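S.K.: Each chain is listed here by its residues.
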Amino acid sequence: MSEVKTGRRTALKYIATGVICGAVAGVGGYLAAPKKVEVVEKPVEKVVYKPPPKRPIPKEPIKIGVMAWATGPYGFFLGQGIPSAEILAEEINAAGGILGRKVEIISIDHPSVDVCVREYKRLVTEEKVDLIFETGGSGFGLAIAPLAEEMKTLTFHGDVWTVELFLKKVPKPKYNFRIAQPDSQSAIAIVLSIKKYYPDVSTVAIISPDYAWGRDQSAMQQEALDALIPGTKVVLDLYPAVGEKDYTSYITKINDIKPDVTIVNLFAGDFIVFNKQALGMGFYKNTKPAITALNSDVPMLTKEEVPEGVLAHCAHYWFLWPPHERYPINGEHVKKFIAKTGKYLTYNPQNAYVTIMGYKIAVERAYEKLGEYPTTEQIIEELEGMGFNALAGHGFFRPEDHQWTSRQFMGLTKHVPEYDCPIIEPITVIDPAESLPPPGMSAKDWIMTWKK
Amino acid sequence: MLAYILNGIFFASILFLISAGLALTFGAMRILNIAHGSFFALGAYLGGTFVILVADTGVPVYMYLALLIPAVIVGIIGLGLEVSLFRPIYEREHVYQLLLTFGLVLIFEDIFRLIWGTTSYTAPQPYAYLGTIKILGFEYPIYAFLVIGTGLLALIFLTYLLGKTKTGKIIRVVTENRFMAASLGVNTKKVFSLVFLIGAVLAGLGGSITIPMLVALPGLAVEMVILAFAVIIVSGLKSIPGVFLTSLIMGILRSFGVVFFPELVLFIIYLVVIIVFIFRPRGLFG
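Protein chains in written order, with my numbering: chain F, 56 to 507; chain H, -7 to 278.
Please keep in mind that the hints were generated in silico from the structure rather than gathered at the bench. Be aware that a few hints might be false.
As the list claims (entries may be wrong) - With a Cα cut of at most 27 Å, we get these calculated BS3-like pairs of lysine-lysine:
#, chain 1, residue 1, chain 2, residue 2
1, F, 415, F, 227
2, F, 229, F, 395
3, F, 343, H, 126
4, F, 358, F, 183
5, F, 391, F, 358
6, H, 156, H, 181
7, F, 251, F, 288
8, F, 395, F, 358
9, F, 229, F, 157
10, F, 340, H, 181
11, F, 308, H, 126
12, F, 250, F, 183
13, F, 114, F, 207
14, F, 415, F, 207
15, F, 300, H, 126
16, H, 156, F, 358
17, F, 114, F, 101
18, H, 126, F, 313
Treat the numbers as computed from the prediction; the structure is a model and nothing was measured.
Extracted from the complex, chain H is given alone in its bound form:
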């Protein structure tokens, strides 16, 4: 039983890292950023590259530090894209945002193929190095706890930022009504840039931290962004703890689904989305 709960929390942590950033950008900026999954994939590829670069040094801590670098790089790239490409289309219809971000997805995919090739890209060293731990008779990879811990840290950081800091309050005001916030003198452009930066950093970190347990390959970006959209549809856009709880519900539901209703396990996340759409369209925590 405990193993299934841990599996669920592990999957929920990955879901949260990609969904939280999307919830922030979609919530505050009303930007349908399909390319958010590409930030996750870029983080994964970069994380793998840096790990491989430092793995031969024989200093294990470098491998774990290397996993943090992609978050910074992806954040900078995200900020650059926000200023240059996203800013001009904020006031446009969603169809323009979809076209732009879909174009970015395709460009990123081609860049991944060009640099990292089309085969599965993997860097298992940090995962293998930590080994396993025995809990109540079953073995579990220690690295999974690192992923879970990163998810929890991200939750604490975002909750503190949005709930306890002035910046967070401004972000919340902009999320509620950006025109009112602008009329009160809030520099919404700066807020948007900051929100986009945080979203990109979280996605990059999510990709980087999970690469030792997963693989990066073409199509990863789209798979992940679909899951992230499912999470934020179910949770609603107004609460980061809500996004975390939704990720947790979906992760654990999926984990137990493998045991009790394996035929439905592929469908289960989308079943929850459909039910929420019908009975609570604004989301569980919206």
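Isolated chain F, as found in the complex:
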């Protein structure tokens, strides 16, 4: 171990360093030390939680965009939502509006899908509509459905029948709601009614317009026939062009084969031409027709054009059901509609009613629950699963896929003096439980479960 030697000079150096450090620390401590503050006691303020201010009822009117392909070849039924919406807005406004807010209808005629998309965006961004009701057909609806989700705009589809809407295009809809029946439901309904009215059927012919809807409809009807009336043979499956002018060869072919039942999926102008030529060629004597789209054609048909006893499918609304005297909701609206337009009603007035009255009820209920004016999302929550009475009776929006649960109406045509057109009497009402595939399920998959 080494020995350390400390001299006097070194000792003094250490002592001096220690003194200087002590002095510096003392001065620093003095400077850093808090000054003496005179403490004045004040009363402690109580912290109280303040909820955000309640959302007041806006003073501006509720703007409803009503879009329809109103001037096209199918305008006579696609455009019928507009006068119905106007009638409903007048009624609501006369009764004080929705929570005091007046209802304003902005109606748009969109002759093509691109115009529909453009106008949809304009209604949302410039007009700042609260909701949109659209009736242009499947192509139009499929184009705006993704936009509705993207632009967070409550959108009701009145005429999108394709199953693709909620099976493929928008599988988990939030802002999209559909009132129209999916075409799977109409296909099943027509087969159910064939089973009821013609139980001994063994051969069936199907004639459909040659485009996606017609081909889908025929395929689903064939699956439903297979499941519901086993042993039935489809002997003809015809697809004349949309807008066909000469059906004579198609009719001759059906007349040659004489199937027990012929399902006619033609509609509007196509049905008129087909039916006119069919009448002159003894079609109705050679087969029993089941017509899937008669409801949309009623305003154009006369008793001379449709014989009695033809099985007709009236989609999800028949304007004489529920009977007017026992169900004034329907009776009053039909009366006002005929007075306003001079025409009988197809199914789009029902769609307009579900949209506007559904929205009104949802807003009022949400307001009552929340105590403040609801946001679009809160209105949607209220709409999901909400049931209420519409023109065609009670229904509700399925919460899983926002599909309105509509009934299907079928029956045999009859001529009565009160109406210029043939009517359906007695009417057969097919419940959605029997005809509407469950959420997320195609008609085919659902039908397969019946077979099991």
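Using the hints provided, position chain H relative to the given structure of chain F.
M.R.: Same frame as chain F, now just chain H:
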């Protein structure tokens, strides 16, 4: 079998009534008149209107006479358009004719919508009144024979006019070489007006006579003119009987197509057009 042949002839008669006029105007005047289909549609709307007007009189013959009035009206309108709009563009390129006639199609469409609305317009009374006839066990509408008869009458008239009359010979000369005809002193303006008038009358009559069995609605004009162009491409422009035979071939082919190859029936007319384009570009009778 007979029913399918009749169906084919019925469709051929409609095709002929619209195609013959187009073949005349395109052949003689080299005018690509897309608005020719609008003359057919105008005839259909007017025919329906006149039938509805007289249907309540209780005199059935009025309904059939009413179907002739649109041919006159459409003829006059056609003549007016020829003098005022078409004449200045005869020497222009086809693109100007296309623009003008396409504009006319749009104007006519808007007029139809404005007057007759957008829904199917129909007047079935003359068709329903005649009822049906039973031939070899199948029912057939008697009115279809009226349409077939009108087509045949139009064929006879045009064949006689072009083949046996001086006017017809002048039209044929103008069709062959209008500059040569003009240099020989033929008033080509008058010939053009006459040809245009005949074309418009035939189209108007075609629309009017078929409305009781069909419907008129927006888009009819374009559908019909496309079919008419298909017929005159296949037939060529030089022979009216050729146009009739082509209409007949297409009508019967289509009729049997429904039986034997239904999947191809929509395509069949255009398939014939493509084949003729490839193997005989001047047309079957050109």
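S.K.: State for each hint whether it applies.
M.R.: Verification of the supplied hints:
no.	hint	result
1	F:415 to F:227	holds, 24 Å
2	F:229 to F:395	violated, 35 Å
3	F:343 to H:126	holds, 20 Å
4	F:358 to F:183	violated, 46 Å
5	F:391 to F:358	holds, 24 Å
6	H:156 to H:181	holds, 22 Å
7	F:251 to F:288	holds, 17 Å
8	F:395 to F:358	holds, 23 Å
9	F:229 to F:157	holds, 26 Å
10	F:340 to H:181	violated, 56 Å
11	F:308 to H:126	holds, 16 Å
12	F:250 to F:183	violated, 49 Å
13	F:114 to F:207	holds, 22 Å
14	F:415 to F:207	holds, 19 Å
15	F:300 to H:126	holds, 23 Å
16	H:156 to F:358	violated, 50 Å
17	F:114 to F:101	violated, 36 Å
18	H:126 to F:313	holds, 17 Å
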